[in-house]
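Following the hints, position chain B against chain A.
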Amino acid sequence: MSGKPRLTYCNGRGRMEPVRWLLAAAGVEFEEIFLETREQYEKLIKDGVLMFQQVPLVEIDGMKMVQTRAILSYIAGKYNLYGKDLKERALIDMYVEGITDLMQMILMFPFSPPEAKEKNLDSIKERATNRYFPVFEKVLKQHGQDFLVGNKFSWADVQLIEAILAVEEKIPAVLSGFPQLQAFKIRMSNMPTIKKFLQPGSPRKPPPDESYRETVLKIFRK
Amino acid sequence: MSGKPKLHYFNGRGRMESIRWLLAAAGVEFEECFLETKDDLTKLQKDGSLLFQQVPMVEIDGMKMVQSRAISNYIAAKYNLYGKDLKERALIDMYVEAVIDLNELLMTHTFQPADKKEQHFATIVDKATNRYFPVYEKVLKDHGQDFLVGNRLSRADVQLLETLLMAEECKPDILVKFPLLQSFKARISNIPTIKKFLQPGSQRKPPLQEKDVPKLMKIFH
Numbered sequence: 001m002s003g004k005p006r007l008t009y010c011n012g013r014g015r016m017e018p019v020r021w022l023l024a025a026a027g028v029e030f031e032e033i034f035l036e037t038r039e040q041y042e043k044l045i046k047d048g049v050l051m052f053q054q055v056p057l058v059e060i061d062g063m064k065m066v067q068t069r070a071i072l073s074y075i076a077g078k079y080n081l082y083g084k085d086l087k088e089r090a091l092i093d094m095y096v097e098g099i100t101d102l103m104q105m106i107l108m109f110p111f112s113p114p115e116a117k118e119k120n121l122d123s124i125k126e127r128a129t130n131r132y133f134p135v136f137e138k139v140l141k142q143h144g145q146d147f148l149v150g151n152k153f154s155w156a157d158v159q160l161i162e163a164i165l166a167v168e169e170k171i172p173a174v175l176s177g178f179p180q181l182q183a184f185k186i187r188m189s190n191m192p193t194i195k196k197f198l199q200p201g202s203p204r205k206p207p208p209d210e211s212y213r214e215t216v217l218k219i220f221r222k
Numbered sequence: 001m002s003g004k005p006k007l008h009y010f011n012g013r014g015r016m017e018s019i020r021w022l023l024a025a026a027g028v029e030f031e032e033c034f035l036e037t038k039d040d041l042t043k044l045q046k047d048g049s050l051l052f053q054q055v056p057m058v059e060i061d062g063m064k065m066v067q068s069r070a071i072s073n074y075i076a077a078k079y080n081l082y083g084k085d086l087k088e089r090a091l092i093d094m095y096v097e098a099v100i101d102l103n104e105l106l107m108t109h110t111f112q113p114a115d116k117k118e119q120h121f122a123t124i125v126d127k128a129t130n131r132y133f134p135v136y137e138k139v140l141k142d143h144g145q146d147f148l149v150g151n152r153l154s155r156a157d158v159q160l161l162e163t164l165l166m167a168e169e170c171k172p173d174i175l176v177k178f179p180l181l182q183s184f185k186a187r188i189s190n191i192p193t194i195k196k197f198l199q200p201g202s203q204r205k206p207p208l209q210e211k212d213v214p215k216l217m218k219i220f221h
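As given, the protein sequences belong to chains A and B, one line each in that order.
Going by the UniProt record's numbering, the first sequence opens with residue 1, and the numbers climb by one from there.
Going by the UniProt record's numbering, the second sequence opens with residue 1, and the numbers climb by one from there.
So that you can see chain B by itself, here it is in the shape it has in the complex:
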């Protein structure tokens, strides 16, 4: 058994992807165990491995951690991606929580019934371009620094980049009115650990395809 963290989830983004991003950004190698069938999930539940019978679950430092925020918080703090004090943490948390809200919208798009998809797409674009992106554009403009908080790479930067890329997958020109976010995207993408994660063959997962939805439903429902 290696000392590497071990991730238990299905072979897709979902609620594990932000954790993959954080570990990768921190330069931490990890292993993955993919749930393919409902039996795989049931087995983990019966083992007592899942505190609330749910995945994501990450085996790390002798713990079987569940709850994606708890896992991300732990990794961010352990690898110094959580600011230098309580106030920086507070800023990082505010930025990250909003990014998570936008991620939820993006993630649920594939699951929308056909008659709701267009409306949902409009909501995504509206919230991204009117509620969320302007905030980060302004933050970067106001302090003129490379990173969102404390002039230093933090989980806020990693999670914002993840979301910017997902938003672009949804609508390729979504950043057209946000020049600072465009340069932020380029800059953070070039950080060596992140650049590596963005290359083919990394553990980054592709977007969920509609054809994969039934298989997912079988595991979790």
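For reference, chain A alone in the conformation it holds in the complex:
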């Protein structure tokens, strides 16, 4: 057994993708176990490995961690991506939570009924361009620094680049009114650990497709 963190989830983005991003950005190698059948999932529950009977599960530093935010906070804290003091943490938390609300819309999108999809896509576009992206455009413009908080790379930057790319997959021209975010996107994408994660063959997962949707419904049906 290696010392690397071990991730258990479906073979797709879902709620685990921000964890993959953060570990990758921190330069931490990790292993993955993919749930493919309901039996596998039920076995995990029976074995008592999932504290609240849910995935994501990340085995790290002797802990079997569950709850995405708990996992992300731990990784951010451990790898110095959480600011230098309480006030920087507060900013990072606010930014991450806002972005997570936007990402939640993208997360749920594949599972919305076909007749709601156009409306949901419009909502994502509206929220991204009117509520969330303007905030980060302004933050970057006001301090003129490369990173969102404390002039240093943090969890907030990783979460934002992930969100920008995810929204762009659905709405390619979404950054057209946001020059600071365009520059931020290029800058983050060129950071060595992130650049590596963005290359083919990395643990980054593709956008959810029908096969992923079916797997999730099959494994987690109520």
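Just so you know, the hints here were simulated from the structure itself, not pulled from any lab data.
Be aware that a few hints might be false.
What the hints assert, rightly or not - Derived contacts from chain A toward chain B, CB cut-off under 10 Å, selection only:
id	residue
1	53
2	63
3	70
4	71
5	78
6	93
7	97
Computed from a predicted structure; not experimentally measured.
C-beta atoms are modelled at their ideal positions from N, C-alpha and C, and glycine is treated no differently.
Using the frame of chain A, we list chain B on its own:
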């Protein structure tokens, strides 16, 4: 202007209640500014006071903080309710996140349409008694200590107590199979700051009544 934190929300529990609990448990006095109409919300949005145009918003230490988790994290850390190191934080976070999940279920009960209420109630009881409560009962049993993490009061204890009481409001005998949670409830309720918060006249808010739902909808929709 006092140095006290100032909370902006409607006059009810919602997403602000856990923050009220934490401040109260930490013995921190706070002020509240209640949104009564949609105009109240619009004014805050136009002021630029709301980073993502949403409440809760808490003015604290020169910041206008939004996002309930960010606010709770800050208060917990500031008042030493967040464990002594990263690993204790990790445990606290896991416990708190699950409690928040259960809270969501409890909170949304009042908003369920009439034909879905019974089913929703069954879901609440099922998840509370099969998924969440057994975990905390076992944690307390395994270490035999008074508090969930690190033998010391933390936000995990405060937020679990809040949820246990809300669950009991939903179904009064919901803790019948959980003796350790019952004694936990009694013990944490007796902590002086929390005891004070549980008394009438405190800033703790009552459960949302169905009759209040339309007014709420007017503010937020």
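How the hints compare with the structure:
Checking residue 53 of chain A against chain B: minimum C-beta separation of about 6 Å stays under 10 Å; hint holds. Hint on residue 63 of chain A holds. Least Cβ distance to chain B is approximately 6 Å, under the 10 Å limit. At about 3 Å, the closest approach between the beta carbon of residue 70 of chain A and any beta carbon in chain B falls short of 10 Å, and the interface hint on this residue holds. At about 8 Å, the closest approach between the beta carbon of residue 71 of chain A and any beta carbon in chain B falls short of 10 Å, and the interface hint on this residue holds.
Using the Cβ-Cβ criterion of 10 Å, the hint placing residue 78 of chain A at the interface with chain B is satisfied: the shortest such distance is roughly 6 Å. A least Cβ separation of about 4 Å between residue 93 of chain A and chain B falls short of the 10 Å threshold, and the interface hint therefore holds. Interface hint at residue 97 of chain A: satisfied, since its Cβ lies 4 Å from the closest Cβ of chain B, which is below the 10 Å cut-off.
Figure legend: structure checked against the earlier numbered hints; every hint is met.
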